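*Asks:* Residue numbers (the numbering used here), protein chains in the order written: chain L, 1 to 192; chain Z, 1 to 192.
The reader is advised that the hints may include incorrect statements.
For identical chains, the list gives no copy identity; a pair is met inside one copy or between any two copies.
[Stated by the list, open to error] Keeping only pairs whose Cα atoms sit at most 16 Å apart, straight-line, the calculated EDC-like set for lysine to aspartate or glutamate is:
1) 115 <-> 57
2) 170 <-> 28
3) 167 <-> 140
4) 167 <-> 28
5) 115 <-> 165
6) 115 <-> 164
7) 167 <-> 134
8) 167 <-> 141
Derived by calculation from the structure, the hints in this document are not laboratory data. Only a predicted model underlies this, so the values are computations on that prediction, with no experimental measurement involved.
2 protein chains.
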Amino acid sequence: MIIATSNQWVLTLATFRASGYDGASLADIASATGLGRSSLYHHFPGGKEEMASAVLDRVDAWLDANVIAPLQNAGMPAERLDRMVGALDAFYDSGRNRCILAAFVVGQSRQLLGKRLAAVFERWIAALAAVACDGGVEPDEARRRAEAAVIAVQGAVILAGALDDPKPFKTMLADLPRGILDGGIENRDKRA
Amino acid sequence: MIIATSNQWVLTLATFRASGYDGASLADIASATGLGRSSLYHHFPGGKEEMASAVLDRVDAWLDANVIAPLQNAGMPAERLDRMVGALDAFYDSGRNRCILAAFVVGQSRQLLGKRLAAVFERWIAALAAVACDGGVEPDEARRRAEAAVIAVQGAVILAGALDDPKPFKTMLADLPRGILDGGIENRDKRA
DNA sequence: GTCTATAATAGGATAGAC
DNA sequence: GTCTATCCTATTATAGAC
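Model the full assembly from the supplied sequences, consistent with the hints where possible.
*Replies:* Below, the structure written as structure tokens:
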């Protein structure tokens with residue numbers, strides 16, 4: 001299927017990101033990818049639901065390759081976190097893109113994909129908590145900081161989108177490693 | 001208009017919150033409020049767009065009365081923040097409800113209401129920053145902490161919704177005042 | 001694998017009786 | 001102020017030619 005072997009899945013992702021599941025019509029997806037509506041059904045007999053699921057498959061794989069794996073690689077905790085930060089900066093275009101996970105938590109897609117969305121967040125949080133543990137943080141506190149980091153990413157994407165200004169997202173990303181390893185941003189205004 | 005003078009606007013709000021603007025059909029709103037579709041048009045000749053705008057009016061008023069005003073009232077900064085925390089806990093039902101602002105940032109409602117959504121966030125951030133200033137925080141840092149607090153609320157609602165678990169939201173709310181006044185959560189694991 | 005054509009339905013909106 | 005009936009368009013989905 002073409003969406004699995006070309007960049008067209010990125011265009012489909014962009015459509016769902018901007019419009020949500022309910023707001024993205026097949027005409028929108030057809031227009032974004034350059035395919036006819038019938039061609040979409042050839043690749044995804046299950047219709048829009050299968051398209052959204054396929055996009056989530058790709059996002060899942062992207063997260064594994066660009067977030068989970070780098071967090072688990074060798075290196076100092078701070079270096080591993082920096083790799084994740086770089087990947088997130090690209091994925092969200094420094095805050096100019098919405099989050100597909102947040103978009104899918106609303107409306108019909110919540111019923112269709114809710115379980116998978118929870119699993120994605122759980123995996124991300126677990127990988128972040130493991131890095132915090134490697135950095136010497138107690139397990140319970142590591143989990144709290146990992147949740148806080150994921151919360152910060154999601155919230156910053158919302159705020160940057162609402163204000164139409166990437167700054168809050170950039171600030172959040174810059175503070176993220178310290179939040180995991182030092183437990184806060186208490187030293188930010190004292191740094192060089 | 002009945003939605004402005006009864007609790008039916010809350011039911012309309014709930015529909016938009018759960019389904020987003022594009023996902024909430026007039027049949028859904030009619031069913032939630034108990035009104036027929038034509039009755040809705042009697043109150044809102046502008047259709048769904050006007051209904052969403054009216055809901056946002058009410059949310060705006062709710063924010064003024066329950067968040068902005070308490071933050072500006074007399075009292076210690078910590079007490080003012082606690083009042084906001086209590087209001088947010090009720091509004092989001094301890095994390096079981098989605099955020100209408102986040103829902104409206106996606107899809108068609110973004111085009112319709114984007115400017116107003118930005119204004120709501122700006123007002124909220126400004127009020128929080130003022131409290132931080134009253135607590136002795138420098139203006140630039142106060143603004144950063146205020147943004148971080150709003151980000152935390154938005155992100156925690158997303159995560160709690162995705163995990164179908166209110167815990168991340170409750171943890172976030174408990175840490176919010178410290179984040180504003182102390183600049184982080186560095187003392188959480190040391191508290192009683 | 002992509003297209004045109006077309007069905008079938010859902011959604012937004014209006015008219016007019018009561 | 002609410003209802004029934006209706007219109008129109010958008011949307012999902014399918015059939016079948018190429």
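*Asks:* Each hint: holds or not?
*Replies:* Verification of the supplied hints:
1. 115 <-> 57: within (13 Å within a copy, 34 Å between copies)
2. 170 <-> 28: Answer is neither; intra-copy 30 Å and inter-copy 38 Å both fail.
3. 167 <-> 140: Answer is between: at 14 Å across copies they meet the 16 Å cutoff, but 31 Å inside does not.
4. 167 <-> 28: Neither way: residue 167 and residue 28 sit 29 Å apart in one copy and 37 Å across, limit 16 Å.
5. 115 <-> 165: Between. Shortest inter-copy distance 12 Å satisfies the 16 Å Cα cut-off; intra-copy 31 Å does not.
6. 115 <-> 164: Cα proximity of residue 115 and residue 164: across copies only (9 Å, versus 30 Å in one copy).
7. 167 <-> 134: neither (30 Å within a copy, 25 Å between copies)
8. 167 <-> 141: between (28 Å within a copy, 14 Å between copies)
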